[in-house]
Amino acid sequence: MRKKLLGVMSLLMVLVMIFTGCSQKSTADESKTEDEKYKVAFIYVGPVGDAGWSYSHDAGKEYLLKEMPDVEATYIESVPEGSDSERVLTELAEKGNQIIFATSFGYMDSVMNVAKKYPDVTFIHCSGYKTDKNVATYFGRMYQPRYLSGVVAAKKTASNVIGYVAAYPIPEVIRGINAFTLGAKSVNPDAVVKVVWTNTWYDPAKEKEAAKSLLDAGADVITQHQDTPGPQQAAQEQNAFSIGYNTDMSQFAPEAYLTAPVWNWGPYYVDTVKAVRAGTWKSAQYWGGLKDGVVALAPMTDLVDEETKALVAKEEKKIIDTDWDVFTGIIKDQEGNVKVQEGQQLTDEELLSMDWFVEGVEGKIAE
Amino acid sequence: MQKYLKVEKRNMNNQYGMFAIRIGGIFVALVLGAIFLIFSGHAPIDVYVTMIDGAFGSAYGVNETIVKTIPLLIAALGVSIAFRMKLWNIGAEGQIYAGGIMASGVALSFGDLPSLLLIPMMMIAAFLGGALWACVPGIARSFWGTNETITTLMMNYVGILWVDYLVFGPWKDPKGYNFPITAEFSPSAFLPTFGGTRVHIGIVIAILCSFVIYILLNKTVWGYEIRVAGENSDVAKYAGMNVTKNIILTLMVSGGIAGIAGMTEVSGVIHRLQSNFSPGYGYSAIIIAWLARLNPIAAIFVSFLFGGLIVGGYAVQTSGLPASVALMLQGLILFCVLGAEFFTGYRVSIDKRFFSKGEAKING
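As given, the protein sequences belong to chains L and E, one line each in that order. Going by full-length UniProt numbering, the first residue of the first sequence is number 1, and it counts up by one from there. Going by full-length UniProt numbering, the first residue of the second sequence is number 1, and it counts up by one from there.
Keep in mind that a hint or two might mislead.
Claimed, not checked - Computed list of lysine-lysine pairs in DSS-like fashion (alpha-carbon distance at most 30 Å, straight line):
#  : chain 1 : residue 1 : chain 2 : residue 2
1  : E       : K86       : E       : K245
2  : L       : K206      : E       : K172
3  : L       : K130      : L       : K314
4  : L       : K332      : E       : K172
5  : L       : K156      : L       : K206
6  : E       : K172      : L       : K117
7  : E       : K175      : L       : K116
8  : L       : K208      : L       : K185
9  : L       : K208      : E       : K86
10 : E       : K175      : L       : K339
11 : L       : K282      : E       : K175
12 : L       : K332      : E       : K245
13 : E       : K175      : L       : K206
14 : E       : K175      : L       : K130
15 : L       : K194      : E       : K175
16 : L       : K364      : E       : K245
17 : L       : K194      : L       : K317
18 : L       : K130      : L       : K291
19 : L       : K291      : L       : K185
20 : E       : K175      : L       : K133
21 : L       : K194      : E       : K172
Stated by the list, open to error - According to the in silico footprint, chain L covers these stretches of chain E (three or more CB under 8 Å from chain L):
#  : region
22 : 89 to 102
23 : 106 to 113
24 : 272 to 285
25 : 320 to 326
As the list claims (entries may be wrong) - Label pairs and their computed distance ranges (CB to CB):
#  : chain 1 : residue 1 : chain 2 : residue 2 : range
26 : E       : G111      : L       : Q251      : 17 to 25 Å
27 : L       : K130      : E       : E341      : 41 to 49 Å
28 : L       : D70       : E       : V212      : 51 to 59 Å
29 : L       : Q251      : E       : G41       : 24 to 32 Å
30 : L       : K130      : E       : F143      : 29 to 37 Å
31 : E       : F301      : L       : K66       : 23 to 31 Å
Everything labelled a hint here was simulated from the structure, so no lab data went into it. Note that the Cβ used here is the ideal one computed from N, Cα and C, for glycine as well.
Required output: the full structure, derived from the provided sequences and hints.
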């Protein structure tokens, strides 16, 4: 009798398990094994295969997974900035992720809204300026490797015109253009940097067209603040040289590519996840530079001569080892007004809200 | 080969048959999608379950689907009105942007006013914005016979670029670090939401609109006139109807309602104006209007399902599907459902002679 009862009960249990397994997408048994893993999530503005911004964050995620095998990471790609991102963030918080990395500026309001509703989840927002108890921001001093890449470009150019394909006229991009120009002028005072705005982060065709227009205007070195290798390809097609961005883009334009200022998010992700897990994490605004390794200049190709390589190494050492930084005076704006006095430096606050171009930039910031 | 494939018009009165054909369309889409998913290394049933679960499986999912339903439904109602008169208003997207601009202008200028005054003002402004946007193609059509399909479509780009101009220029948030967004509206310009959800009062407005437009189209003289004019404009003229006036008026009402969709989106969800704030609601609205057979009540349900398709599309990404595959699935379902519509209006049969080779030769 007992045996029969046991048999019936186990049969019932199996049935129940099958049914819940079917209808609930097997949350019953999966969640148990998942609970042992620490869940983190990433949302990207572009596809991970963009070979640029989103790809660089995904590489950071892969590094995190390699360093911390007991972490489980999900990602959602191509999430538009705006109302959709709020839903995606909520969904990820709802699914039990402990840390959510939101990797685009335009997610800022959504991050703040969702963070209020999920005080136990830690939100790490890239490139924004709003923080909360459970919201921190992080970014890198990309202007430092940009300065170095400006040195490389100015050494290479014969026409003294360098083309810069830029996304939006926000401080991050303006800062990069200025640093690049300062680097270029430090070795070649005659160099000018022409800027074209695309008003998009990710649009391979548009970026390429913008680069072509710069090449037609006499540029012989192209660089970019964009997420695809489009401008690199444009440079190669017209036998010009190119400097990438985000990641090593040599494979897309091997005959043009010189180097690229690149992101290296992995170590920061590992540190953050470890701190949150240990309970030692505090909201902060992280802004690491060359010294911290979150930004770097990718290895220079054989198209760059030895003299330039040595010069770049010297400048890099200067930024890392001394107090000198890219925005140290005298710096003049486009009209020739002195913006930074001799020996003075711009504060982080001033850098983060930069809305003017230095001397040597040819272009306008939209009013 | 073409000779043997016969396509005939048919009048299908069999409700069950029509229903079966549409279900068949969805079924074909799911099977094709499954084949694709298997080849790309995913379990199709899991993906479909995640999709439905994401959109309708939880209170949260349903709420988010409703949030998407609102702009889709309002814009679909707008285009339905013009379609009744066989005016091809493809410009709902631009009218949404125009409505969003006008509503934002009011919200940014009169932020101190109380909600009870401000929100109706924003709504009227949005209606006028959308109406203005549609009135340009309307005038061109009624006086010079311009093809409104093209002009309404072109007005879309103008609307989208106007928003860009405003958020990059005069309306840029002074504290926004040059990012292309306007300042956040004052809270009195927000549409009230239900509880802690993102569902806003716009859903009530949308459903009310459905019923008002149903009555307007089916029970009023104006509704009758535009239907007659749509069937045959000569008949309408003989009957003494002012077709010229009706073309402009219909397009303006159509655009005005689509404009309100722009208002509910900026006021209910985003709380500011930003570039590309509508991810193509105006285009989806055209599909919804057709699937609902221009019936405003049916549009409620079709919009809801369509909203679910969008929300579910994102949900499948959490199960490890790339965004592009999710988009492809959405496209596949739409394609098959719309494709199935063809078979409700036409019968396709294969001529018997096709099967006997001898005769086929003679026919060459």
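Hints, one by one, checked against the model:
no. : hint                        : in the structure
1   : E:K86 x E:K245              : holds, 15 Å
2   : L:K206 x E:K172             : holds, 24 Å
3   : L:K130 x L:K314             : violated, 36 Å
4   : L:K332 x E:K172             : holds, 26 Å
5   : L:K156 x L:K206             : holds, 26 Å
6   : E:K172 x L:K117             : holds, 28 Å
7   : E:K175 x L:K116             : holds, 22 Å
8   : L:K208 x L:K185             : holds, 26 Å
9   : L:K208 x E:K86              : violated, 41 Å
10  : E:K175 x L:K339             : holds, 21 Å
11  : L:K282 x E:K175             : holds, 26 Å
12  : L:K332 x E:K245             : violated, 62 Å
13  : E:K175 x L:K206             : holds, 29 Å
14  : E:K175 x L:K130             : holds, 12 Å
15  : L:K194 x E:K175             : holds, 27 Å
16  : L:K364 x E:K245             : violated, 47 Å
17  : L:K194 x L:K317             : holds, 28 Å
18  : L:K130 x L:K291             : holds, 25 Å
19  : L:K291 x L:K185             : holds, 23 Å
20  : E:K175 x L:K133             : holds, 22 Å
21  : L:K194 x E:K172             : holds, 25 Å
22  : 89 to 102                   : violated (count 0)
23  : 106 to 113                  : violated (count 0)
24  : 272 to 285                  : holds (count 5)
25  : 320 to 326                  : holds (count 4)
26  : E:G111 x L:Q251: 17 to 25 Å : violated, 52 Å
27  : L:K130 x E:E341: 41 to 49 Å : holds, 47 Å
28  : L:D70 x E:V212: 51 to 59 Å  : holds, 58 Å
29  : L:Q251 x E:G41: 24 to 32 Å  : holds, 25 Å
30  : L:K130 x E:F143: 29 to 37 Å : violated, 52 Å
31  : E:F301 x L:K66: 23 to 31 Å  : violated, 48 Å
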